[in-house]
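K.L.:
So the protein lines, in turn, are chains A and B. Residue 39 in the working numbering sits at position 39 of the first sequence, and the numbers go up by one each step. Residue 112 in the working numbering sits at position 112 of the second sequence, and the numbers go up by one each step.
The hints are simulated quantities; they were obtained by calculation from the structure and are not laboratory data. Beta carbons are placed, not taken as given, at the ideal position from N, Cα and C, and that holds for glycine. Keep in mind that a hint or two might mislead.
[Stated by the list, open to error] Derived contacts from chain B toward chain A, CB cut-off under 10 Å, selection only: (1) M1; (2) V58; (3) A80; (4) V98; (5) A113; (6) G132.
[To be verified] Anything over 10 Å on all C-beta distances counts as not near chain B; from chain A, calculated: (7) P14; (8) L42; (9) L49; (10) D70; (11) E72; (12) S107; (13) Q109; (14) G144; (15) R149; (16) L151; (17) P177; (18) N210; (19) S262; (20) A268.
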Amino acid sequence: MGEGALKNFEYFDPTSVGEAVALLQQHAGSAKVLAGGTDLFLRMHRRALLPDVVVDLKRITELADLRYSDQEGLRLGATVTHGEVVEHAAVQQHYGALATAANWVGSLQTRHRGTVVGNLCNASPAADTAPALLSYGAIVTIVGPEGQRELPLEAFFQEPGRTALAPAEIVTALRLPPAPGQRGWGYARRTRTVIDIALVSSCTVIQANNGVCSEVRISLGAVGPTPLRATQAEAVLRGQRPSAALLAEASRVAAEEARPISDVRCSAEYRKDMVEVLTKRCTESALRMLQML
Amino acid sequence: MKRLITLTVNGTPYEVAVEPRQSLLQLLREELHLTGTKEGCSEGECGACTVFLDGQTVDSCLIFALEAQGRDVVTIEGLARGDQLHPVQKTFAEYGAVQCGFCTPGMILAAKALLESNPHPTEAEIRQGISGNLCRCTGYVKIVEAIQAAARG
Chain A
1 MGEGALKNFE YFDPTSVGEA VALLQQHAGS AKVLAGGTDL FLRMHRRALL PDVVVDLKRI
61 TELADLRYSD QEGLRLGATV THGEVVEHAA VQQHYGALAT AANWVGSLQT RHRGTVVGNL
121 CNASPAADTA PALLSYGAIV TIVGPEGQRE LPLEAFFQEP GRTALAPAEI VTALRLPPAP
181 GQRGWGYARR TRTVIDIALV SSCTVIQANN GVCSEVRISL GAVGPTPLRA TQAEAVLRGQ
241 RPSAALLAEA SRVAAEEARP ISDVRCSAEY RKDMVEVLTK RCTESALRML QML
Chain B
1 MKRLITLTVN GTPYEVAVEP RQSLLQLLRE ELHLTGTKEG CSEGECGACT VFLDGQTVDS
61 CLIFALEAQG RDVVTIEGLA RGDQLHPVQK TFAEYGAVQC GFCTPGMILA AKALLESNPH
121 PTEAEIRQGI SGNLCRCTGY VKIVEAIQAA ARG
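Chain A with its partners taken away, still in its complex shape:
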């Protein structure tokens, strides 16, 4: 460690989003945004990133907002930590898969600092909360020099390490729409140790109407260049009465939709196999919650 490890930089802690965007514009190309710091500090320490300017978002009070209403759904500000999401009663009740997913991130110490939005902005295909957020239909609110825009989370991830953020833009919040009715969910993750990046992750969220799966969302992590929705697998179940055969078919199709690579953690073949297994488990869990299985 020691003082020599990091390059020195100018630190700003603005108190408004406008100020933050202006700073990023002013220092275009040499500024980095700081939220929880669990990733940024590490990269700066390893000298993988050498920003001249760091803009700390944590004194912008609106970004710390985590609130739920039956009408608006869930609003999760950019500096909300994984720990806050895990502990939030409304998240546990209405977005249970997200609370479960967030609890997998790092260690307790990491979750007390690292933010959900910051983690997503790293655009890791293996981001633990991504499959849950995708299955809940999360929408990203972005503010930049041109103003504010919204983007579905699927469109936010472009490729490993790159999001749809333009220069000087920041994510200010995630918005999860309210559920029109009762939902069942399942979230599963394969990992080597407790604190390790996911080998494969999967999340199913199902809405039911009169014994039929009216809405089905199946999302996968760590099996493609971005977290992805298994839309063809969803189509197998959508509008249908669930059965063991349909479940098996949907799981098989999800495995086909996955585009995993082999890496230091495991092989692509293992990932494909696990997509089928985890999708089946997650979908069963969702249906059991709805008492449809």
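Fit chain B to the known structure of chain A by using the hints.
P.N.:
Leaving out everything else, chain B in the frame of chain A:
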């Protein structure tokens, strides 16, 4: 260029000039000479640098000192009341949960946080609760026993 920050550590207010690139861990060890908090991995993986920041356990190696402006920090040095050890410190000593001692400050703080949020944890909950703190010596058995003993009171 250095910036003056104010923060409270173990109940005492401090005013310290820090460089932006300095971590909270460096501030505690090198500026305030509170060397109980250890540098293990500098990656936020081992938990040897665990401190309480505004009441929550965090890895101080991944936090800039500037981020601690106006905040409340508790290190291992802040646990005992004079000669009175905290119950977790006592049971760690009694149950042989300390070998080389390097993980111990962080481990004790993690255990304290666990018991404050869950006063009667199961063994599985204990292991989950300290999973952010690595120990290379003990194999965790005595650590778990010490925490169970502290929970029994």
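K.L.:
Hint by hint, say whether it matches the structure.
P.N.:
Hint check results:
Of the supplied interface hints, the one on M1/B holds, with its beta-carbon coming within about 8 Å of a beta-carbon of chain A, less than 10 Å. A cut of 10 Å between beta carbons decides the hint on V58/B: the least distance to chain A is about 5 Å, and the hint holds. Interface restraint check: A80/B against chain A, minimum CB-CB distance 22 Å, threshold 10 Å, status violated. Against a cut-off of 10 Å between C-beta atoms, the interface hint on V98/B is violated, since the closest Cβ of chain A lies about 20 Å away.
The beta carbon of A113/B comes within 8 Å of a beta carbon in chain A, closer than 10 Å, and the hint placing it at the interface holds. Taken as an interface hint, G132/B checks out: its beta carbon lies about 3 Å from the nearest beta carbon of chain A, inside 10 Å. Annotated as non-interface, P14/A keeps its C-beta farther than 10 Å from every C-beta of chain B; the closest such distance is 13 Å. In this structure L42/A is not separated from chain B by more than 10 Å, as the shortest Cβ-Cβ distance comes to only about 6 Å.
Residue-level check passed: L49/A sits 12 Å from the nearest beta carbon of chain B, beyond 10 Å. Every Cβ of chain B is farther than 10 Å from the Cβ of D70/A; the closest lies at roughly 29 Å, confirming the non-interface assignment. Taking the minimum C-beta to C-beta distance to chain B, about 28 Å, the non-interface status of E72/A holds against the 10 Å cut. Under the 10 Å C-beta cut-off, the non-interface status given to S107/A relative to chain B is violated; the minimum distance is some 3 Å.
Non-interface status of Q109/A relative to chain B is broken: a Cβ of that chain comes within 10 Å, the nearest being about 5 Å off. Here G144/A stays apart from chain B, with its beta-carbon at least about 24 Å from theirs, past the 10 Å limit. No beta-carbon of chain B is positioned within 10 Å of the beta-carbon of R149/A; the least distance is around 29 Å. With a least CB separation of 29 Å from chain B, L151/A remains clear of the 10 Å interface cut-off, as annotated.
With 10 Å as the threshold on Cβ separation, the claim that P177/A sits away from chain B holds: the shortest Cβ distance comes to roughly 30 Å. Every C-beta of chain B lies more than 10 Å from that of N210/A, the closest at about 40 Å, which supports listing it as non-interface. Here S262/A stays apart from chain B, with its beta-carbon at least about 24 Å from theirs, past the 10 Å limit. With a minimum CB-CB distance of about 27 Å to chain B, A268/A clears the 10 Å threshold, and the non-interface call stands.
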